[in-house]
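Let the sequences and hints guide you as you build the complete structure.
From first to last, the protein sequence lines stand for chains Z and R. Each step along the first sequence adds one to the number in the numbering used here, with nothing skipped, and position 36 is 36. Each step along the second sequence adds one to the number in the numbering used here, with nothing skipped, and position 366 is 366.
Careful: at least some of the hints might be erroneous.
To be verified - Incomplete in silico selection of chain R near chain Z, CB under 8 Å: (1) Ala3; (2) Ala8; (3) Ala11; (4) Arg14; (5) Arg18; (6) Ala110; (7) Glu311; (8) Ile314; (9) Arg315; (10) Leu316; (11) Val318; (12) Asp324; (13) Pro362; (14) Ala378; (15) Ile382; (16) Ile398.
No lab work stands behind these hints: they were computed from the structure. A virtual CB, placed ideally from N, CA and C, is assigned to each residue, including glycine.
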Amino acid sequence: MSVPVIQLEDFRKTYITGEVEVKAVRGVSLSIQPGEFVAIMGASGSGKSTMMNTLGCLDRPTSGKFLLDGVNVGELNRDELADLRNRKIGFVFQGFNLLARTSAVENVELPMLYSRPPIPAAEQRQRAMESLALVGLAKRYDHTPSQLSGGQQQRVAIARGLVNRPKLLLADEPTGNLDSRTSIEIMGIFQELNDKGITIVMVTHELDIARYCRRVVVMRDGLVRSDELVKDRFLASEELAKLDAEQKAVQLT
Amino acid sequence: MFAVLRIALRALRRNILRSFLTMLGIIVGIAAVIVGVSMGTGAKAEVDKQIAGMGQNLLVVMSGNMARGGVRGGFGAAPNISPADYEALRREIPGVVAVSPEVRANAQIAAGNQNSFVQVSGVSSDYASVRSWQFRSGANFTEGDVRNANKVCLIGTTTAKTLFGEGVDPVGQIVRIKNAPFTIMGWLAPKGVNSFGQDQDDIVIMPYTSAMKRLSGDTMFRSLSVQAEGPAIIADVQTNIYELLRQRHKIQPGRDDDFMVRNQQEMSDFFNANNRIMTILIGFFAGISLVVGGIGIMNIMLVSVTERTREIGIRLAVGARGRDVLKQFLTEAVLLSIAGGGMGIATGFWLAPLLTKYFQFPTLISNDSVIMAFTVSAVIGIVFGFFPALKAARLDPIDALRFE
Ligand SMILES: Nc1ncnc2c1ncn2[C@@H]1O[C@H](COP(=O)(O)OP(=O)(O)OP(=O)(O)O)[C@@H](O)[C@H]1O
Ligand SMILES: [Mg+2]
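The following block contains the structure:
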C-alpha cells in the first residue's frame with residue numbers, strides 16, 4: 001500500500017475555555033488513501049469541524065498524531081503549516097469564506113499570492129481562469145461574491161481550493177445551504193475531480209449527499225462510530241438526468 | 001511586492017474618506033515641517049545674501065565689545081577707533097587690499113524745494129569697492145577728495161528719488177547737507193531692503209573727513225571695513241588686527257577688548273541664531289503633530305485589523321504566513337503615511353510662497369527638507385503601523401475565521 005494521504009493515530013482535541021474543558025475529539029484513528037472520497041457525518045457538535053480543521057493544517061492535535069502525506073503535522077511550526085495549507089490542501093469552507101468586493105477570479109488567485117516560489121501574475125490569472133472553467137464559472141470571472149448566487153459562490157470557493165493543484169480537497173458542508181439541484185451539481189464536480197485522482201474528504205449532514213462519496217465515516221461525541229464503504233453509490237450525472245425528467249413531468253401536468 | 005501594493009491600495013481606496021481623515025494629522029505635521037523649515041532656510045538665505053552682498057573677504061572692526069557691554073556695548077558704544085588706528089592698520093597688516101573707516105551722522109538734506117532726513121556715511125575712497133557698491137552713473141570720489149575734505153558725495157537710489165524724482169540722474173547736482181553745498185559725484189545702484197526692513201538705498205556717502213569736519217564733529221570712527229586679499233588669509237588678517245589694536249589700545253593681557261573684529265561667517269552666525277531658535281520651535285510643534293498623526297494611523301489600522309479579521313483568517317487559511325499579513329498591513333500604514341506626507345509636502349509648497357507674498361516672510365524650500373519630510377512620514381507609517389500589523393499577523397487562522 002502507498003503512503004496514506006491522511007493518517008490519524010489516537011487524535012484528540014481538547015478546547016479549554018476558561019474553567020471548562022471541551023473534549024471535541026476524543027481519540028480517532030483513521031487512515032485515508034490517495035484517491036479516496038470520504039464523507040464524514042455525525043450530529044452537530046460531534047467533532048467533525050474540529051477534525052477537518054486539523055486535517056486542513058489550520059490547527060494542531062492536542063494529543064495523538066496526524067501525518068499528512070507522511071509528514072507529522074504536530075511537529076511543524078506556524079510557517080510550515082501555512083506552506084502545507086498552500087501547497088497540499090484545498091479547503092472549501094461551509095460559509096464559502098470568499099473575500100467580499102473582490103472578483104471571483106481574484107478570489108481564486110488568492111492562494112497563489114502566497115505560493116513559494118512566487119507565480120508570475122499572468123500565470124496566476126491563467127490558472128485561476130482554468131480553475132473557474134473547471135467548476136463551470138469562467139463567464140462570471142469578474143463578478144464579486146455579492147453578485148453571485150450561493151451555488152456560484154460555492155463553485156468559486158471550490159475553484160480557489162483547486163487552483164494550487166492540491167493532493168487533498170477538504171470541504172466542510174459544501175452543500176450546507178444549497179438547494180438539492182445545486183448540491184448534486186457540486187457533487188458532480190467533486191466526483192469528476194475524484195475521478196482525476198484527487199483525494200476528497202467532506203463533511204455533510206445529508207445522507208443522500210453522502211451517497212455520492214465512496215466511504216462514509218460517522219462520528220458521535222468525538223469518536224468514530226462507523227466507517228463503511230458506500231453501496232449503491234449515486235452518480236451525479238444520472239441523478240441530474242432523473243431530476244430533469246421529474247421536473248419536466250411536473251411542468252407537463 | 002507589486003501585488004502587496006495593489007492589495008493595500010485597494011483596501012485604502014475602499015474607505016477613501018476615512019483614509020483621508022487618517023492622513024490629516026500627517027498632512028498638517030508635514031506641511032508644518034516644510035513651511036517651518038522653509039522659513040528658517042529662507043531667513044538664513046536672506047541674511048547670508050546680505051552679508052555676502054556687503055563685500056568679499058570682508059572683516060568689520062567695530063567699536064565696543066558685546067562680551068563686555070551686552071548688545072548695547074556692541075552697537076551703541078561710543079566710537080573709539082582713532083584715525084591713527086586706521087592708518088596703522090593700513091600700513092602694518094599684510095594681506096589687506098582695502099580699508100575704509102566709517103562715521104555716521106543723520107542730517108537734513110535738501111535740493112531745490114525738496115528736503116529729507118538721511119543717514120550720512122563718512123568713508124574712505126576704498127569703501128565703495130570694499131562694500132560692493134555699484135554705480136548707476138557717475139563715479140567714486142578720490143583719495144584727494146578725502147585728503148582735502150571736499151564737499152562731494154555719492155547718493156543712494158531712494159534718496160535721489162526723493163530729491164530729484166524717479167529715474168532722474170542726479171550726478172552733477174548740488175545738494176545742501178546741513179546747509180553746506182555738496183556736489184553729487186555718483187549715483188549708487190540699489191541694494192534693496194535688508195532683513196531688518198531698512199532701506200539700504202536711503203543713504204548719502206561722502207569722504208569721512210568731510211563728514212567729521214562738517215557734520216558730526218566726531219574725531220573717532222565707529223567702525224572699519226577691511227578687505228582681505230583672499231579667503232585663505234582672512235583668519236590671519238583677523239588675528240593680526242586683534243593684536244595690533246590691543247597693543248594700540250593698551251589692553252592688558254587677560255582684559256577684554258574694547259573693539260570687535262568680525263568676519264562674514266561670524267556675522268551670519270550671529271544673525272542666524274534667532275532663526276535657529278524659531279526653526280527648532282516650529283520643528284517641535286510639527287513633531288507633536290506628526291506623533292498625533294501617527295497615533296491616528298495606528299488607531300485606524302487597529303480598527304481595520306478588527307474589521308478585517310475574517311479576511312485575515314481567509315488569507316491565513318489559504319497559506320499566507322504571518323509575515324505576509326504583517327507586510328500587507330504595514331504596507332497599508334506606510335502608504336497612508338507616505339500619501340499624507342506627500343500631500344503635506346504639496347501643502348507646504350503651496351503655503352510657503354503665500355507666506356512670502358502676504359507677510360513678506362522669506363521662505364525657501366530646500367530639497368533636504370522635502371527628503372527629510374518624506375522619510376519621516378515613511379518612518380511614522382512603519383513605527384505606528386507595526387503594532388496593528390503584528391496583531392494581524394499573530395491571529396490564529398481558526399479564531400479569525402470564526403470571528404463575527
Ligand atoms: N474554538 C473552540 N473553543 C471551544 N470549544 C470549541 C471550539 N471549537 C469547537 N468547540 C466545541 O467542540 C465541539 C465540537 O465542535 P465541532 O465544531 O467540531 O462540531 P461539528 O461536528 O462540526 O458540529 P456542526 O455539525 O454543528 O458543525 C463542540 O462542543 C464545540 O462547542
Ligand atoms: Mg461544523
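Hints, one by one, checked against the model:
Given hint, R:Ala3 at the interface with chain Z, holds; its Cβ is 6 Å from that chain's nearest Cβ, closer than 8 Å. Taking 8 Å as the C-beta contact cut-off toward chain Z, the hint placing R:Ala8 at the interface is violated, the least distance being around 13 Å. Hint status for R:Ala11: violated, given a least beta-carbon distance of 10 Å to chain Z, over 8 Å. For R:Arg14, the suggested interface contact is upheld, since its CB lies about 7 Å from the closest CB of chain Z, less than 8 Å.
The criterion of a C-beta within 8 Å of any C-beta in chain Z is not met by R:Arg18, whose closest approach is roughly 15 Å, and the hint is violated. A least Cβ separation of about 83 Å between R:Ala110 and chain Z goes past the 8 Å threshold, and the interface hint is therefore violated. A distance limit of 8 Å between C-beta atoms decides the matter here; for R:Glu311 the minimum to chain Z is near 6 Å, and the interface restraint holds. Annotation: R:Ile314 was flagged as interfacial toward chain Z, and the flag holds, the nearest CB pair being 5 Å apart, inside 8 Å.
For R:Arg315, the shortest C-beta to C-beta distance to chain Z is roughly 7 Å, which falls under 8 Å, so the interface hint holds. Look at R:Leu316: its Cβ gets to within about 7 Å of chain Z, closer than 8 Å, so that hint holds up. A distance limit of 8 Å between C-beta atoms decides the matter here; for R:Val318 the minimum to chain Z is near 4 Å, and the interface restraint holds. Checking R:Asp324 against chain Z by beta carbon gives a least distance of about 6 Å; that is within 8 Å, so the hint holds.
Given hint, R:Pro362 at the interface with chain Z, is violated; its Cβ is 50 Å from that chain's nearest Cβ, farther than 8 Å. Because the closest C-beta pair between R:Ala378 and chain Z is about 24 Å apart, greater than 8 Å, the hint is violated. Of the supplied interface hints, the one on R:Ile382 is violated, with its beta-carbon coming no nearer than about 22 Å to a beta-carbon of chain Z, more than 8 Å. A cut of 8 Å between beta carbons decides the hint on R:Ile398: the least distance to chain Z is about 5 Å, and the hint holds.
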